[in-house]
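J.: One-letter residues, chain by chain:
Protein chains: 2
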Amino acid sequence: MSLVNTPKPPYYAVIFTSVQTDFDREGYGKAAQKMIELAEKEEGFLGIDTAREEIGITVSYWKNLDSILKWKNNIEHTAVRKKGKSSWYKAYTTRICLVEKEYSWKLNQ
Amino acid sequence: MSLVNTPKPPYYAVIFTSVQTDFDREGYGKAAQKMIELAEKEEGFLGIDTAREEIGITVSYWKNLDSILKWKNNIEHTAVRKKGKSSWYKAYTTRICLVEKEYSWKLNQ
Numbered sequence: 000m001s002l003v004n005t006p007k008p009p010y011y012a013v014i015f016t017s018v019q020t021d022f023d024r025e026g027y028g029k030a031a032q033k034m035i036e037l038a039e040k041e042e043g044f045l046g047i048d049t050a051r052e053e054i055g056i057t058v059s060y061w062k063n064l065d066s067i068l069k070w071k072n073n074i075e076h077t078a079v080r081k082k083g084k085s086s087w088y089k090a091y092t093t094r095i096c097l098v099e100k101e102y103s104w105k106l107n108q
Numbered sequence: 000m001s002l003v004n005t006p007k008p009p010y011y012a013v014i015f016t017s018v019q020t021d022f023d024r025e026g027y028g029k030a031a032q033k034m035i036e037l038a039e040k041e042e043g044f045l046g047i048d049t050a051r052e053e054i055g056i057t058v059s060y061w062k063n064l065d066s067i068l069k070w071k072n073n074i075e076h077t078a079v080r081k082k083g084k085s086s087w088y089k090a091y092t093t094r095i096c097l098v099e100k101e102y103s104w105k106l107n108q
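These protein sequence lines map, in sequence, to chains A and B.
Going by numbering that gives the first Met the number 0, the first sequence opens with residue 0, and the numbers climb by one from there.
Going by numbering that gives the first Met the number 0, the second sequence opens with residue 0, and the numbers climb by one from there.
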C-alpha cells in the first residue's frame with residue numbers, strides 16, 4: 000500500500016467525507032470501486048486516497064477546476080451520487096481545495 | 000459519529016496521508032489522540048476528520064495559514080513528528096490546501 004504521488008503544486012483536491020447508512024454495503028463497495036476506475040480515465044485525474052473507519056474520507060486529486068467539473072458531470076457518476084443520497088449515506092461533505100504546498104517523506108530514502 | 004461543521008469558505012485544510020509501520024501501535028494511538036486534544040486548543044483550529052484503513056487520512060481544518068504555522072511550531076507537536084519519523088511511519092504526505100467551496104448534505108434535513 001502506498002500513497003498517491005501528485006505533481007508539484009498548485010493542483011486541486013476534492014475532500015469527500017461521509018457517514019454511511021447500514022444499508023446495501025456490498026452495493027456501495029462495488030459502486031465505489033467502479034467510480035475509482037471511471038475517475039482514473041478522466042483527463043486531469045491525478046490520483047485518489049481513501050480510508051473508512053467511523054467516517055469515510057476520500058481525497059481525489061485533479062489538475063484543475065475544469066477537470067473536477069467534468070468528472071462531476073459524468074453521467075455514471077451523477078447517477079451514483081443520486082443512489083448515494085437515496086441509499087448509502089447519512090451525511091456527506093464535499094470540499095473543493097486548491098493545494099498550495101506539499102511535503103512528502105519516506106523511510107530509507 | 001458526525002462530520003466536522005466548518006464555516007463558509009475560504010478557510011484552510013491540511014490533508015495528512017500516511018502509511019504506518021507495525022511498531023508501537025499503542026504509543027501511536029495515544030500520541031494521535033493527544034495531538035487532537037492539543038490542536039483543539041489552538042486558535043484558528045476549526046475541526047478534524049480522521050480515518051485509517053490501509054492508509055491513514057487525517058484532515059484538519061484551520062482559519063488561515065498563520066494558525067497552521069503556529070500549530071506546526073507547537074513544541075509537543077514538533078516532538079511527536081520526530082517520533083513519527085523514527086518509529087511510526089513508513090511514509091507520509093502533508094498537503095496545505097485553500098478550501099474554496101464546500102457542499103454538505105444530510106439525510107432528513
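A couple of the hints might just be wrong.
A pair counts as met if it fits within one copy or between any two copies, since identical chains are not told apart.
Stated by the list, open to error - In silico lysine-lysine, DSSO-like type, Cα no more than 30 Å apart, as pairs:
id: 1; residue 1: 100; residue 2: 40
id: 2; residue 1: 62; residue 2: 33
id: 3; residue 1: 29; residue 2: 7
id: 4; residue 1: 33; residue 2: 89
id: 5; residue 1: 69; residue 2: 100
id: 6; residue 1: 7; residue 2: 69
id: 7; residue 1: 7; residue 2: 71
id: 8; residue 1: 100; residue 2: 89
id: 9; residue 1: 100; residue 2: 82
In short, the hints are calculated from the structure, not lab data.
Source: prediction; values computed, not measured.
J.: So, for every hint listed, does it hold in this structure?
T.: Structure-based check of all given hints:
no.	hint	verdict
1	100 / 40	both (26 Å within a copy, 24 Å between copies)
2	62 / 33	within (21 Å within a copy, 35 Å between copies)
3	29 / 7	neither (32 Å within a copy, 33 Å between copies)
4	33 / 89	both (21 Å within a copy, 29 Å between copies)
5	69 / 100	both (24 Å within a copy, 16 Å between copies)
6	7 / 69	both (22 Å within a copy, 24 Å between copies)
7	7 / 71	both (24 Å within a copy, 21 Å between copies)
8	100 / 89	between (32 Å within a copy, 21 Å between copies)
9	100 / 82	between (35 Å within a copy, 23 Å between copies)
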